[in-house]
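Asker: Listed below, chain by chain, are the residues.
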Amino acid sequence: MKELVSSKTIVDIVHEVTGEVLSTMLSLETTPGEVYTEMQHGKSDGVVSFVGLAGSQCVGTGSLQCTSAVACSLAGRFLMSEFPHVDDEVLDAFGELTNMVVGNFKTALEGHVGQVGLSIPTVVHGKNFSTRSPGNAEWTVIPFLWGDDKLYIRVCLKAKNSDAAPVPLRKPYTAEQIRNTFSELVQDAAKTQERISWNS
Amino acid sequence: MPFDLLIVDDSTAIRKILQRVLHTAEIPLRNVYEAGDGIEALAVLRANEVSLVLSDINMPNMDGLQLLTQIRANEAWKKVPVIMITTEGSQVKVLEAAQLGANGYVRKPFTPEQIKTTLAGLA
Chain A
1 MKELVSSKTI VDIVHEVTGE VLSTMLSLET TPGEVYTEMQ HGKSDGVVSF VGLAGSQCVG
61 TGSLQCTSAV ACSLAGRFLM SEFPHVDDEV LDAFGELTNM VVGNFKTALE GHVGQVGLSI
121 PTVVHGKNFS TRSPGNAEWT VIPFLWGDDK LYIRVCLKAK NSDAAPVPLR KPYTAEQIRN
181 TFSELVQDAA KTQERISWNS
Chain B
1 MPFDLLIVDD STAIRKILQR VLHTAEIPLR NVYEAGDGIE ALAVLRANEV SLVLSDINMP
61 NMDGLQLLTQ IRANEAWKKV PVIMITTEGS QVKVLEAAQL GANGYVRKPF TPEQIKTTLA
121 GLA
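If you read the sequences in order, they're chains A and B. Last residue of the first sequence: 200 in our numbering, with the numbers rising by one and none dropped. Last residue of the second sequence: 123 in our numbering, with the numbers rising by one and none dropped.
A hint or two may mislead.
Said to hold, decoys possible - Here are the simulated lysine-lysine pairs, DSS-like style, with alpha carbons at most 25 Å apart:
#1 Lys-150/A with Lys-127/A
#2 Lys-116/B with Lys-78/B
#3 Lys-79/B with Lys-116/B
#4 Lys-158/A with Lys-93/B
#5 Lys-78/B with Lys-160/A
What the hints assert, rightly or not - Derived DEER-like restraints, expressed as beta-carbon distance ranges:
#6 Glu-20/A with Ala-120/B: 46 to 56 Å
#7 Arg-30/B with Ser-7/A: 51 to 61 Å
#8 Thr-24/A with Ala-73/B: 32 to 42 Å
#9 Ala-73/B with Pro-84/A: 38 to 48 Å
#10 Gly-121/B with Asp-45/A: 43 to 53 Å
#11 Pro-28/B with Glu-20/A: 39 to 49 Å
#12 Asn-61/B with Thr-174/A: 17 to 27 Å
#13 Glu-3/A with Asn-48/B: 46 to 56 Å
#14 Gly-147/A with Gly-101/B: 44 to 54 Å
#15 Asn-74/B with Gly-147/A: 31 to 41 Å
To be clear, the hints were calculated from the coordinates, so they are not data collected in a lab. We put the CB at the ideal spot given by N, CA and C, even for glycine.
This is chain B alone, in the form it adopts within the complex (with noise of 0.2 Å):
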């Protein structure tokens, strides 16, 4: 069943090969929604029924470890996976994003493939 994503990165460019990425995937996706921050990604999930989330970690305004936790303190959206693609590779993040609930973690660079392979466990 086609389900709607979010895709949150302060970098267009990110959002736009993410985009290509999952447009090539074999996912059934309905909606691809965008955010540049964790604020614009709250403003996102209030208006939409977004079923997976992928961000990133380093943004202004509002980080991915602070989305995350307000996601995972909303009762609607706790339950929705979260994939955490960024170029913070710290055990200690990564270890901040499990225990925060996040559902998987990609390391920039990526290839198309790491993104497919993550995204296909969960969809």
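If we strip away everything but chain A, and leave its shape as in the complex, we get (with noise of 0.2 Å):
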């Protein structure tokens, strides 16, 4: 499947953007980690938030994660308050750390793909837990460091897919719509036989 935008610019925007809200919201300055990529992701301890994103040439998913510490940690920030352990309040600031981060991170895509929407924010806290996504999703990781402490955004970005299914047919059908249907047809086949032949 087609890249959309390059791997150097999601991080690229990814950079910028949780720069600022981590600067702006928190008065926290980080420096970024190395980025990697991971089809999926192993056993977490912590906090994990995730917003789905959906527009007419892609869809993707933005998440942050963090251990419940840090988690504590941003919400004190946030919030100016001391948060001992992982409650409703450092999970609702961890949401809104990601709506604003994946949400930005979304204005700034749209200047590539059109326009995105943006889904509510469901953050997870736990330990030993996994997380899936459905198909060969390959996920950006981009750390940012401070102290000891570390924050993972991770973004998966996909093209849809525009090989779109043929609209059936519905009965009752004219000899014209076969016609043209078929015609549709013959011509896709022509074009994935040129392709063959270019490949081999």
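Taking the hints as your guide, dock the two standalone chains into a single complex.
Answerer: Next up, the structure:
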């Protein structure tokens, strides 16, 4: 499937928007860590959040993940309060941080892929949990570091399949509809044959 | 003259932050009400004389643009200033909010000064 937006562009956008959110809302200056990709994230502890992205050209997910202690620290900076353990306020603050990071990522992404919709964040807290995406989704993982703490931003973005299934003929149909449908199929088959010839 | 203000956001964290900013701003506030979505906001508007609304856009049940539409369609509230405070920064949404009658737009993340400056022009 074709790449809509380069990995470098995704990483650049995430660096810019995350840096802005963390410095403006949390007065937190961070250092970007080494970026890597993964197919499936292994076992996690702590807090993880997800926001869905859906546009006419792409679909995907933005995710934030950190340990429980870091989530408490981030919420404390956000709300100017102290949180000894993860509670509803910490999860809410983490959800809002996710909303800001992924929301601003989405706005920047729209310059490349057109209008994109955003879901409401989901935040999960637990120990030794796994997360899975259906299919062979590749995630770009972008860490942010400060002191001994780390926040991981994960982005998974896929081009929508442009080879959409043909619209089925609905009964009753006319002879002309049948002719048109077959004509399109023959043309598609010819193009496919051409591609196969070129590739081989 | 002190007036009543309504904050509409599904995040309690953002409502708290805005409360803190408002209390440090030199704005003559009497009551600051909170609502978690557009439906709750309409209930607050029906029960109180609110003079200014700060609203998020992306919320469950009824979003900020639907709320804005309802406010502008109501004879009693149509002149109440509404400021959108949201991560939704796309030109399409900004234009849509302006066309629906929003009086201002603040993008998250925001600084306290941005909120105070925006409100200073309306209070």
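Asker: Now, for every hint given, state plainly whether the structure supports it.
Answerer: Quick rundown of the hints versus the structure:
| no. | hint | in the structure |
| --- | --- | --- |
| 1 | Lys-150/A with Lys-127/A | 17 Å, holds |
| 2 | Lys-116/B with Lys-78/B | 23 Å, holds |
| 3 | Lys-79/B with Lys-116/B | 21 Å, holds |
| 4 | Lys-158/A with Lys-93/B | 24 Å, holds |
| 5 | Lys-78/B with Lys-160/A | 41 Å, violated |
| 6 | Glu-20/A with Ala-120/B: 46 to 56 Å | 24 Å, violated |
| 7 | Arg-30/B with Ser-7/A: 51 to 61 Å | 52 Å, holds |
| 8 | Thr-24/A with Ala-73/B: 32 to 42 Å | 35 Å, holds |
| 9 | Ala-73/B with Pro-84/A: 38 to 48 Å | 47 Å, holds |
| 10 | Gly-121/B with Asp-45/A: 43 to 53 Å | 47 Å, holds |
| 11 | Pro-28/B with Glu-20/A: 39 to 49 Å | 32 Å, violated |
| 12 | Asn-61/B with Thr-174/A: 17 to 27 Å | 45 Å, violated |
| 13 | Glu-3/A with Asn-48/B: 46 to 56 Å | 52 Å, holds |
| 14 | Gly-147/A with Gly-101/B: 44 to 54 Å | 46 Å, holds |
| 15 | Asn-74/B with Gly-147/A: 31 to 41 Å | 51 Å, violated |
In this structure, the hints that do not hold are numbers 5, 6, 11, 12 and 15, in rising order.
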